[in-house]
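Given next are the chains, with one letter for each unit.
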Amino acid sequence: MNIVTRPGPAGPDHDGEAAHVEALGVALGPGPDAERLDDAKPAAAPAARRGPRGSAAVLRSAGVRFAIVYALLLALSTAALASFLWWATAGLLDRQTEAAIRADAQGLYERWTEGFLPSLIMTIDERLNENVDDDAIYLVTDDHYHKLAGNLPFWPATVTQPDTPYPLELLRAGGKSVARVEAFDLPGGFHLLVGRDVRVRAQLRSMLTDALLWALVVVTVMGIAGAAVVRSMFRRTLAHVSETSAAIAAGDFSRRVPLVGRGDEFDLMAETINVMLDRIEKLMDGVRQVSNAIAHDLRTPITRARARLEDAALHADSEAELHAAIERATADLDGIVAVFHALLRIAEIEAGSRRSAFCSFDVAPVLADLIDLYGAAAEEKGLRLTADAPPRLPLYGDRDMIQQAVANLLDNAMKFSPSGSAVRVQAGVAGAWAEISVTDAGPGIPEAERNRAVERFYRGETSRNTPGAGLGLALVQAVATLHGGELVLSDAAPGLMATLRLPRDGEGASAAQPAPAQARVVLPEGHNDLR
Amino acid sequence: MRILVVEDDKDVAGFVVRGLREAGHVVEHAGNGRDGLFMAASESFDAVILDRMLPGGVDGLRLLETLRAQKNAVPVLFLSALAEVDDRVKGLRAGGDDYLTKPFAFSELLARVEALARRGKGDGPITRLQVGDLELDLLSRQVKRAGQKIDLQPREFRLLEYLMRHAGQVVTRTMLLEGVWDYHFDPQTNVIDVHVSRLRQKVDKPFPSQLIHTVRNAGYMLKAEAA
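Going line by line, the protein sequences match chains L and U.
Per the working numbering, the first sequence starts with residue 1, numbered consecutively.
Per the working numbering, the second sequence starts with residue 1, numbered consecutively.
Be a bit skeptical, because a hint or two may be false.
Lysine-lysine pairs mimicking DSS-like chemistry, simulated, CA-CA at most 25 Å apart [claimed, not checked]:
id	chain 1	residue 1	chain 2	residue 2
1	U	149	U	223
2	L	381	U	202
3	U	102	U	71
4	L	381	U	205
5	U	223	U	205
6	L	147	L	176
The set of hints was computed from the structure by calculation and includes no laboratory data.
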């Protein structure tokens with residue numbers, strides 16, 4: 001059978017004219033890419049609600065930016081996948097065709113060496129007859145390119161170089177077709193042309209192209225829909241946070257950011273925000289409680305001072321009486337100032353700004369000094385002040401604060417101890433803690449009230465008639481908290497045992513972390529002189 | 001003594017100036033930082049009482065820093081409503097010699113200013129203090145009154161030393177806590193009074209005349225009868 005040939009344009013068709021059936025099956029079947037796109041479909045249903053806004057405002061929205069990034073990434077990855085698919089299939093088909101042509105030509109050349117031209121012609125005729133697919137192309141010519149055998153009518157003008165693949169357009173019975181041919185020079189000036197009709201493969205290739213183009217369209221649609229979903233998810237999640245914040249800003253402190261329950265990053269953020277809100281609420285409660293306490297507890301001494309002054313102004317009969325009244329009012333005001341000072345000091349400690357003055361120091365001499373300072377006063381009151389402390393007790397903290405905290409505990413113990421009883425100061429090490437306890441034989445604090453005893457302005461029932469503002473233990477508690485320790489109140493039966501537990505320093509702690517312990521010593525240069 | 005008061009609050013300034021004059025001092029007053037700096041730099045004072053927050057662009061800290069930069073070593077006492085420990089540290093770092101927070105008792109202010117003004121005047125290290133017939137030897141750490149040896153605990157010795165160094169001046173309980181015990185808070189218990197009364201037992205009781213006097217509403221003063 002003869003085929004009409006036309007010199008084909010060598011150009012865009014040069015690469016990948018052919019498509020292999022098997023390769024196409026892979027490309028067009030429901031591959032991983034297609035599956036992913038299908039999965040994305042249902043998620044695209046709740047599309048974004050987009051408000052009527054200017055384009056600049058839209059771009060300023062983080063949700064829109066995330067959505068755009070999402071769409072771009074999807075498009076880029078799809079394009080990369082398609083390019084790879086295209087290169088792999090089309091390239092493979094081309095290489096396979098060329099390999100077949102070369103194998104064919106090799107066989108024919110062997111025939112030539114065996115029986116020269118007649119044997120070659122016979123073989124070509126045989127092969128053409130046996131070729132079921134009707135895709136083989138052969139042509140044998142003499143040195144003037146006159147046809148001797150084969151199924152091409154004449155030598156195509158475009159094929160000039162031997163051993164180089166050329167594309168060739170054919171006109172066959174079924175219509176236009178495309179082939180790939182290669183020329184080989186034979187001894188004696190004969191020329192051999194071997195080729196393959198790649199029409200079927202070209203069709204498969206165009207199907208692949210179509211499929212990939214459609215995939216691109218689908219990906220674009222999916223990208224837009226997915227972007228909308230991303231944006232609306234983003235907005236919905238942030239809407240919870242901003243709603244809650246707005247409610248809290250408006251004064252509703254009971255609101256919390258709802259958790260989705262998936263334990264994802266958004267839940268984590270919501271939890272962090274909620275913890276922060278809890279802390280803020282607690283602080284707010286503290287402030288409210290303190291301001292209420294100030295309002296109540298300072299009203300009494302202020303009223304007293306005011307009454308004294310007014311009474312003296314109205315009723316004082318002599319200058320001496322007037323002076324006495326003024327002096328008493330001044331003393332009342334001094335008491336109020338002392339309360340303010342204590343409150344501010346507690347607030348200052350709680351704010352934690354004084355951690356810069358922390359250093360490693362031995363608390364044993366500090367305790368000895370305090371015992372020395374209070375010992376005389378205790379004796380005066382008929383109390384026995386005893387101390388039981390190790391020769392060295394290293395701590396890491398603020399020396400002045402711990403001094404004041406222990407002094408407050410001693411003040412309390414001495415205030416509530418009945419005459420003739422003992423006040424015991426004990427210090428020691430308990431595991432990772434250094435413990436300093438002050439025990440008295442006073443009335444103690446009922447168990448139910450011990451938690452409240454460290455609050456500002458707490459006055460026990462039994463201490464209503466003793467002087468003081470109820471700030472001493474609050475300060476000790478603040479010092480303990482700042483140092484990462486605690487204040488433990490327990491029953492000494494009779495009396496109260498107040499234990500200040502602070503994290504240890506020195507041998508144990510510095511062995512565990514030698515570098516910070518070294519650095520700590522340097523920090524507070526001469527702060528004791530400065531205060 | 002010549003004392004400069006730099007304070008913008010008229011009531012507080014008037015009260016302080018009057019009180020200091022009554023105590024026998026010569027007092028100048030500046031109502032803002034600029035005038036205060038000018039006066040402190042151009043005239044000679046024995047002490048300066050300085051507010052932290054002042055109008056006129058120069059606050060107390062800047063005033064003092066400028067003064068110290070000019071090698072002016074006049075004793076300066078800060079009188080400020082800024083009461084946090086950090087504020088205090090800042091004030092002392094800037095070159096202040098003492099720091100008193102508002103509100104304050106005038107007796108405390110007076111005692112501290114007088115202590116400051118006299119502090120700089122010692123010539124060389126002192127090894128021996130004497131008030132009336134009371135002698136204190138800082139080297140041998142011995143105390144004698146009228147030739148009779150008195151045995152003191154180390155802390156009592158330091159308390160007496162502090163009182164004798166400020167002989168003739170009022171010394172407040174807070175000053176004693178800071179100067180003798182290095183404590184910067186006021187205990188509720190009257191610890192200082194007890195220590196002073198113990199010291200009295202040893203220093204005054206066995207002798208006909210009293211040296212340690214209680215100053216009502218202020219503190220203590222050690223002075224010889226004749227003075």
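Verification of the hints:
no.: 1; hint: U:149 - U:223; in the structure: holds (19 Å)
no.: 2; hint: L:381 - U:202; in the structure: holds (20 Å)
no.: 3; hint: U:102 - U:71; in the structure: violated (28 Å)
no.: 4; hint: L:381 - U:205; in the structure: holds (21 Å)
no.: 5; hint: U:223 - U:205; in the structure: holds (15 Å)
no.: 6; hint: L:147 - L:176; in the structure: holds (22 Å)
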